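Undergrad: One-letter residues, chain by chain:
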Amino acid sequence: MISDQLPIIQIVILLVASPLCVIFRNGNWAWAIATLSTWTVLGIVSFLTFNIIQEGPISYHLGGWRPPFGIEYSLDSLNIYIILLIVFIASIILPYSKGIIKKEIEHNRRHLFYSIFLLALLGLIGIAATGDLFNVYVFLEISSLATYVLIGLGRKRQSLKAAYRYLIQGTIGATFILIGIGFLYSMTGTLNMSDLSTRLQPIIDTRPVIAGISIITVGILIKLALFPLHLWLPAAYTHAPTVVSAFLAAVSTKVGAYLLLRFIYSIIGPSLTFDSIPLLEILLSLASLAILVGAIIAIFQNDIRRLLAFSSISQIGYLVVGISIPTVTGLTGGIVHIANHGITKGAMFMTIGCIAYSVGETKLKNLKGLAKRMPFTSAALLIGGLSLIGVPGTAGFIGKWYIVQAALDYGLWPVAIIVLLGSLLAIIYVGKILESIYFSKGEIVFGRVEKLSFYQIIPVWLLIIATIYFGIHTDLTLGISIEASNTLVGGQ
Amino acid sequence: MDILEQLNYWAAISLAMVGLFTIMSRGHLIKKLIGLSLFQTSVFLLFITIGKLSGGTAPIISKDFLYYSNPLPHVLILTAIVVSIATLAVGLALSVAIKRTYGTGEDDELEDLDRNEGEP
Numbered sequence: 001m002i003s004d005q006l007p008i009i010q011i012v013i014l015l016v017a018s019p020l021c022v023i024f025r026n027g028n029w030a031w032a033i034a035t036l037s038t039w040t041v042l043g044i045v046s047f048l049t050f051n052i053i054q055e056g057p058i059s060y061h062l063g064g065w066r067p068p069f070g071i072e073y074s075l076d077s078l079n080i081y082i083i084l085l086i087v088f089i090a091s092i093i094l095p096y097s098k099g100i101i102k103k104e105i106e107h108n109r110r111h112l113f114y115s116i117f118l119l120a121l122l123g124l125i126g127i128a129a130t131g132d133l134f135n136v137y138v139f140l141e142i143s144s145l146a147t148y149v150l151i152g153l154g155r156k157r158q159s160l161k162a163a164y165r166y167l168i169q170g171t172i173g174a175t176f177i178l179i180g181i182g183f184l185y186s187m188t189g190t191l192n193m194s195d196l197s198t199r200l201q202p203i204i205d206t207r208p209v210i211a212g213i214s215i216i217t218v219g220i221l222i223k224l225a226l227f228p229l230h231l232w233l234p235a236a237y238t239h240a241p242t243v244v245s246a247f248l249a250a251v252s253t254k255v256g257a258y259l260l261l262r263f264i265y266s267i268i269g270p271s272l273t274f275d276s277i278p279l280l281e282i283l284l285s286l287a288s289l290a291i292l293v294g295a296i297i298a299i300f301q302n303d304i305r306r307l308l309a310f311s312s313i314s315q316i317g318y319l320v321v322g323i324s325i326p327t328v329t330g331l332t333g334g335i336v337h338i339a340n341h342g343i344t345k346g347a348m349f350m351t352i353g354c355i356a357y358s359v360g361e362t363k364l365k366n367l368k369g370l371a372k373r374m375p376f377t378s379a380a381l382l383i384g385g386l387s388l389i390g391v392p393g394t395a396g397f398i399g400k401w402y403i404v405q406a407a408l409d410y411g412l413w414p415v416a417i418i419v420l421l422g423s424l425l426a427i428i429y430v431g432k433i434l435e436s437i438y439f440s441k442g443e444i445v446f447g448r449v450e451k452l453s454f455y456q457i458i459p460v461w462l463l464i465i466a467t468i469y470f471g472i473h474t475d476l477t478l479g480i481s482i483e484a485s486n487t488l489v490g491g492q
Numbered sequence: 001m002d003i004l005e006q007l008n009y010w011a012a013i014s015l016a017m018v019g020l021f022t023i024m025s026r027g028h029l030i031k032k033l034i035g036l037s038l039f040q041t042s043v044f045l046l047f048i049t050i051g052k053l054s055g056g057t058a059p060i061i062s063k064d065f066l067y068y069s070n071p072l073p074h075v076l077i078l079t080a081i082v083v084s085i086a087t088l089a090v091g092l093a094l095s096v097a098i099k100r101t102y103g104t105g106e107d108d109e110l111e112d113l114d115r116n117e118g119e120p
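Protein chains in written order, with our numbering: chain P, 1 to 492; chain S, 1 to 120.
Simulated from the structure, these hints should not be mistaken for laboratory data. Quick caveat: nothing in here was measured; it's all calculated off a predicted structure. Backbone N, C-alpha and C define an ideal beta-carbon position, used for all residues, glycine too. Misleading hints may appear alongside valid ones.
Claimed, not checked - Examples of chain S residues lying across from chain P (beta carbon under 8 Å, computed):
| no. | residue |
| --- | --- |
| 1 | T22 |
| 2 | L29 |
| 3 | L36 |
| 4 | F39 |
| 5 | L46 |
| 6 | I50 |
| 7 | I60 |
| 8 | T79 |
| 9 | A80 |
| 10 | T87 |
| 11 | V90 |
| 12 | L94 |
| 13 | I98 |
| 14 | Y102 |
| 15 | L110 |
Stated by the list, open to error - To spell it out: a stretch of chain P is covered by chain S in this simulated footprint if at least three of its residues, at any positions, have a beta carbon under 8 Å from a beta carbon of chain S; those stretches are:
| no. | region |
| --- | --- |
| 16 | 142-150 |
| 17 | 154-160 |
| 18 | 180-189 |
Said to hold, decoys possible - 27 Å max Cα-Cα, derived DSSO-like pairs, lysine-lysine:
| no. | chain 1 | residue 1 | chain 2 | residue 2 |
| --- | --- | --- | --- | --- |
| 19 | P | K156 | S | K99 |
| 20 | P | K156 | P | K98 |
| 21 | S | K63 | S | K52 |
| 22 | S | K99 | P | K102 |
| 23 | S | K99 | P | K103 |
| 24 | P | K432 | P | K451 |
| 25 | P | K156 | S | K31 |
Excised from the complex, chain P in its bound form (with noise of 0.2 Å):
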């Protein structure tokens, strides 16, 4: 039966969609090619989501080779609600794209994006779907390798040094990944993730095992940005073409967040370490750190985009907080946060970049004004801050009151006051795009605003009303966390 494929469909779909943008030369082509293409696959991934909430968890074996020895992709209702989030961001960007590309990327280049673009999604949706750890790695390679190319692509010359900057420290973590599941599978010969776990289980206070999670946990946080170890994401954001920003704030780092839920809770969880290795206090005060430093940063920034890049990194430390409250009230937060600031930051960034592509300036100073001249477009900008401030009825308010309530249920007020304490240092920063596009006077910069069509218009709305809709309707994406923080923490 094809449908007892779907799992590797979805990803074969796109690796022969990405060779045939390079075919077709034609950047029309080759947008037509992917955006087909990724529909496709949102189909697919559709379908798999409603049969995993209706029948459980699908595993699938690659070549029909059993498991531990062969490769399994095991889909669970995590794993396909981050892949679900992916592949439906990629499904509303790519439309976008069509207009943005014009002005930042040259003619005889845009089928190439397309193309690498296809990998980098493709790569993303194979780290969440696999059950293989090795298999994590070389996704994670991929999808890293075709980010760098997406970042140096930006129309400014500084996107090639943040391309150059995210490589170095991007395979550094990737190595240490690498080096990490060396550690693990010369101690149980093993590299499937569930069996690893049980296999892990008795010897998990050995030095080599908890050598291999220390250094794994390092190269999943360099990936996921997690404050002191973002110093690529700033510049990533701010330099790469918008069409890419948007998608990396939406999703790349939110798969790191997957991976760490994954690892910590699926891998290392049964055995519960965190006595002989305080990882989730660690974690913890990581997080809470980068949630004050980073919205603290926010506030000086000068740029938008920069503004929001580290906002990104105050709201990673919102995710990791709830990833390391161990209970069902505390995951729950943190994966409802992961889509929801994906939702929002996707939407703000598109946002943005439709500014760029209209007035071209994303300079605070140089937008004076601007929502007299674009209220629409400001009116978008204005609901995405409010979410990321967490303003109840849009969809950041749902995971940040659910941390805080982890928190304050497992006796983690400072951590509780910290959360809202960013809540605060939020208001001032959104307060600061928002002061300025909304109330300053003086005279307006920039010149002609060019007409945005409705290839622009639509998927930014999409996403903006989604940031609504879910901030008022709850049931699908709080339904799935709640089942997937149960079979994480098994009901604790």
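Place chain S on chain P using the hints.
TA: Same frame as chain P, now just chain S:
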């Protein structure tokens, strides 16, 4: 004797440290990439050492041999070598592009050039 028995591990660790130190201490883009390459190579050595069993033969089913070396780490490393070559290629391509647009390959000078334009 202890060190000699674990010579490969020590070699892997030294290579990794040399590589990481080169990445951190050198300012030139190409030199950083050389460091990165060394660092990755050290991991290959680590994996290959894991797969070796002293006295083990190739994994052939035969009555004459009892022990054999695990071939899986070697296969994994083949993939990792391909990945590292791809990384190096992208890194070198980026260095060439940076040298072309900035006119220099030194990290500090790149910083200065951008700071003079007021864009960090």
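Undergrad: All hints, please: hold or fail.
TA: Comparing the hints with the structure gives:
1. T22: At 11 Å from the nearest chain P Cβ, S/T22 fails the 8 Å test, so the hint is violated.
2. L29: holds (7 Å)
3. L36: holds (6 Å)
4. F39: It holds, given that the least Cβ distance between S/F39 and chain P is near 6 Å, below 8 Å.
5. L46: holds (5 Å)
6. I50: holds (4 Å)
7. I60: With a closest approach of 18 Å, the S/I60 hint is violated.
8. T79: Cβ of S/T79 sits 6 Å from chain P, so the hint holds.
9. A80: With a minimum Cβ separation of about 6 Å from chain P (threshold 8 Å), the hint on S/A80 holds.
10. T87: For S/T87, the interface hint holds, since the closest Cβ of chain P sits about 5 Å away, which is under 8 Å.
11. V90: holds (6 Å)
12. L94: Holds - the Cβ of S/L94 comes within 8 Å of chain P, reaching about 5 Å at its closest.
13. I98: holds (5 Å)
14. Y102: holds (6 Å)
15. L110: Holds. Min distance 6 Å.
16. 142-150: With 3 residues in contact (Cβ-Cβ under 8 Å with chain S), the coverage given for the region 142-150 of chain P holds.
17. 154-160: n = 4 at 8 Å, threshold three: holds.
18. 180-189: holds (count 4)
19. P/K156 to S/K99: holds (14 Å)
20. P/K156 to P/K98: Given that 27 Å is the threshold and the Cα spacing comes to 20 Å, the pair holds.
21. S/K63 to S/K52: Given that 27 Å is the threshold and the Cα spacing comes to 20 Å, the pair holds.
22. S/K99 to P/K102: Holds. S/K99 to P/K102 sits at ~26 Å (cutoff 27 Å).
23. S/K99 to P/K103: Judged against 27 Å, a Cα distance of about 24 Å means the pair holds.
24. P/K432 to P/K451: holds (25 Å)
25. P/K156 to S/K31: holds (24 Å)
Violated hints for the displayed structure, listed by number in ascending order: 1, 7.
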